[in-house]
Amino acid sequence: MGLVRFVVQALRCALSGGIAYRLWLAFLVALAAWGGLAYVDQIRHGLIATNMRDQVSWAFYIGNFTFLVGVAAAAIILIIPAYVYDWKPIKEVAILGEILALSALVMCMLFVFVDLGRPDRFWHLLPGLGTLNWPMSLLAWDVLALNGYFVLNLVIVGYLLFCSYNRRPYNKHFVVPLILISIPAAISIHTVTAFIYNGMAARPFWNASILAPRFLASAMCSGPAILLILFQLLQRTTRFEIKDEALWKIAEIMAYAMFVNLFLLGAEVFKEVYSSTEHIVHFNYLFFGLGEHGALVKYGWTSVLCSLSAFLLFIVPATRRHPVTLNLGCLLIYIGVYIEKGMGLVIPGLTPDALGEIYEYAPTLTEVRIGVACFSVGFLVYTVLTKIAVAISLGDLTRDTVPGLAPAGQAPKPVTADA
Amino acid sequence: MTHDDTLSRRDILKKTFALGSGVFLCTFAVKAAKGESPDPTPAPKGAGDPTGSYKLPNGYEPSAHYYGYGIDLDKCIGCTRCVDACKTENSVSRTEPNFRTWVERYVIRDDDTLEVCSPKGGLDPYPAIEDPGSVAKSFFVPKMCAHCERSPCEQVCPVGATLKSPDGVVLIDKKYCIGCGYCIQACPYGCRYFDESTRTAGKCTLCYHRITRGLRPACAEICPTGARVFGDLREKDGPLAKFLREHRVQVLKPHMGTRPKLYYHNLDKEVR
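Chains as they are written, first to last, in the numbering used here: chain Y, 1 to 419; chain L, 1 to 272.
Among the clues, some could well be false.
What the hints assert, rightly or not - Which residues of chain Y face chain L? A few of them, derived with a C-beta cut under 8 Å, are:
1. L116
2. M136
3. M200
4. D353
Stated by the list, open to error - Facing chain Y, a subset of chain L residues (Cβ under 10 Å, in silico):
5. E104
6. T162
7. K175
8. Q185
9. C187
10. E196
11. S197
12. A201
13. T258
Claimed, not checked - With beta-carbon atoms standing in for the labels, derived distance ranges:
14. L:S93 with Y:R12: 51 to 61 Å
15. Y:H45 with L:P254: 37 to 47 Å
16. Y:I210 with L:D237: 47 to 57 Å
17. Y:I183 with L:P127: 58 to 68 Å
18. L:D124 with Y:I210: 37 to 47 Å
19. Y:E252 with L:S93: 55 to 65 Å
20. L:G78 with Y:T302: 41 to 51 Å
21. Y:I280 with L:D124: 28 to 38 Å
22. L:P254 with Y:H173: 54 to 64 Å
23. Y:P135 with L:H255: 18 to 28 Å
Just so you know, these hints were derived from the structure itself, not from any lab. All values derive from a computational prediction rather than experimental measurement. Just so it is clear, CB atoms sit at the ideal spot from N, CA and C, and this is done for glycine as well.
Bound-form chain L, shown alone (with noise of 0.2 Å):
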């Protein structure tokens, strides 16, 4: 067989026919697909876990939120209070390694050199800190889920199973997800976890099941010295409004391109 007779002209009309049709199918395939469930729509059928199928109250309009989240870092004192609440509220694990809040301790030397620690997310005591007299400061950073609004754990979740609902609240469907680990890594801030009791991803849902009804996520809801302020971007009189306007606010890495809703008030330069 010579060179000519291999690619003569048909043969390439053939074979690019062969490939069109080919990806033709394959898009065909995927559309058909995606009329399938999850629901797309802001009821995800693992929202508002543990218990499972979660069920939007009459009345709530997802579309008619946006949420998002301050924190006054100048309020916090550290006592991991809200860390606790957020593991009883969710039923999250109290012997694995999962949070979907956390208290950083940052201490920083006079010699620019930085020690952080959370200790079981702050539930455990902070260590005492050596040698007082070299430290230039000390301040404490809760971490949670920013709810950003271009989610990269959302893009890259294999079948869709990690959603942004209209409410700007990014959700799992824990029914649907197949634990591939993705989205752990993806998360530039590190706020996904895996959830050995149900063996898919794990996070904060903003207590979904609560704001849906009117009432502050757990976290928020339990800070004694209003760190916490959970609002509605939406209502301008709201919350987190009034906390936006009189506070100068950060958001962690933003040059990752990500959005976060979590914003910072007095944020140092050494958090990440």
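So here's chain Y without its partners, still in its complex pose (with noise of 0.2 Å):
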């Protein structure tokens, strides 16, 4: 009954809101219809509508997924401090860190099932619906890891804010222990999909015990570089308060981790041109190009250049702190960490393939707008809750809230863990 009635409100919430914003959800929407046109014509075509062929069997989708999961993954740096140190001001928009994991694994979810031949099939990869081959597959474990995260993260999301809109305390045996499981489950989705690359004797390049590793540095730079400039818009746009110590420290845990992943990517530089084994070709073909096969040199470099850069900025407290500064290295850590692990992970691995043959991936129209469709699905998500998490917390939507009444303007109480 409660439950029904809060579904309801916070859907009419949600969809409700000044003309920019319902701009910016038409404007989701549109985007959205667009790349779902494109899937329709891959659904009516086959998988031959996207630039993948039997050498680059796996491209533009699976690297967009490989880069969300960490996204999804990176939630965490908001509950550590939070919760393990107890650090108040990012206390109070760890939810927000929950909810970018939840849009990311919607994306991750929406980017798989693309990439399928028969997505008429996709059941089959369902627990207890389908026939999971596990444990062997590490695929199978994937799948359990991101649908267990996912359903962590909607409970402990669903139940704070149920909690506020009741305007009642929640009961933190109950929340507590979840938040604290979903620690290990975050590090385990990351580790997980690293293992799906890792586990392929036939493909070097990620056949390298360092992968995981990488995967969890470069996670804990790219989900935090979104939330930071969330954060400022709701800063600028809403009362919600969020502390510019919170924005400093988050950033200050970024550069941390970006030199532990440029330092492992270092560590694989060495091993590969040190001992410089046949294996080097697939890392010659990232950086330099295989004669006058060198579509991804640009990327690569790119890549190295914007992280290496952001480490700087992120680095340096001044620079860390300046709004300009700050955002810029954001945006640098974004397209740096897109690159390593999207495309510039998934492509030369496989390039050249197991026979030495070398087939230049570059992704279709199709494959850009039905990616299109998948990030603006999940920015969509993102957008309404958040909305919906924002305005709980200040107290302009509870129980007591009349539809149609402005809101009452009553003293803020953010959602955290703290009641």
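Take each chain as given, in its own frame, and dock them per the hints.
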């Protein structure tokens, strides 16, 4: 009963807002529709509508998936300081990190879905309905880990908001253990995703034990980079209180994470270059090109340069506190990690292929459009959930709210596990 | 809230219990799912495609056989009739680059440069060799699925649609495959392809519909020089046992630990 009313009111809240807000929603829906039409095309013609071929059988879609798993895992960069170290300024915004995790997971699932040759058989992957090849296949592990993490975050976010909506303190004996479990769960989703690549002996570019640590380190940069920008938007557009200290602390953690990421990259470069076995060919393809095949070279270097300069911006306190350099750093990190953990990981791993053949992949317009649609849906989910969470936190949306009435502007009470 | 009441012993116990029960439930769900289709017995629904549901002939006992394949590279003349026969026998697309077997031509020059080509798997004519005077050696290498004992493709399939039958043949249940493409990149030998007609993975079945009826695979049947030798490793006087006894053989990429059952005689070090 109460739950139904909660959902209805929350949705009503999500759909109402200023003209800019509604235009933003309309824009996202339009983009999703534009990409959705491309997906209809892909369904009609099959995966031949993409540029994926047997040599490069995973590409743009799975690259985005991999990047977004990192974004989802990065919610813990807020949870650890908030709940393990009990650091108040971040605690107040931790729920927004969990919402980001939820949205990123929605995008992850969409990207896997659109990569399937037989999306009608998607249910074969679902635990209980299909036949998961568990524990043999790492993809089966990933299905379990991602779904588990999704449910965990959904329960935490939903429960916290529902309690706050009902103006009652939540049961911390229920929530805190769940939040603490979400820390190893976040690490595990990214580790398992790394193992999907890592486990393949046929692909030496991925078959390096450093891969999972590198995944984690880069995830600790990319997710927070998105959050920092969103937090500043909320600071400007709502009464939701986000302290600058929280932003600076997150930027500081990102600097350390980026250092680890660059260090691990350096370790890998050393091993490849010094031993210089035949496996270096993939590495060379990414950074130097192979003969006339050099489509990735500019991206490979862009990624390294972006990550390196973002690290420098964030390690110096003055530049990570200045709004301009802070946002520039976020953008550089986003670009750097998007390339590194997306196509910069997937494509060189498959080029040249197991027979030594080189197929230079570049996404088709269909693939890009479908990718845009997946991102739009994810942003839509994030926008709607954040709108609801902020309204509830500020006391604008409670069970006493009369629809249609102007919000009562009570004292803001952020949603935290701090009641 | 302080540290102490967040992490009381009671909380930790509760947490552990919650985690434990979660893991237990997951295992349970997986076990329940494993009891269902596809049938792990040797008659996978998709085998013997493209006709779809394929049944084992009466009296055929899969566990009594264990198939392997030998190729004598000295005898291969690059006629590629095997490629053609495979396409016809298994209705493999001739327009898409789908090959269950193909023949590569290697040209090694005096200065150790290597040229490998396989135009349309060998169905199109091989280009004329330029500057024949500088050729040190040249030879053909037919390729196909090695039906590995420890096949990575079977290992990685998320839904168990790839399976190894008791007679040692790696097969795809095309009615269960979701077309994720993971197996295609897991194969170190490039023997899998994405089949546009079914939108699933495709591969050599060792002509499972033929061999279970006592026939040879189409490629071995048609080979005019006897370079291709199909046989049952359990049959001590059979053609494959004889081939292995009389020739020094090698497999491709033995360091992968896949234990392939495709044995080459006179394999050059440049072949991968």
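Inset, instruction - Please name the hints from earlier in the document that this structure breaks, with their numbers sorted from lowest to highest. - result: Result: no hint breaks.
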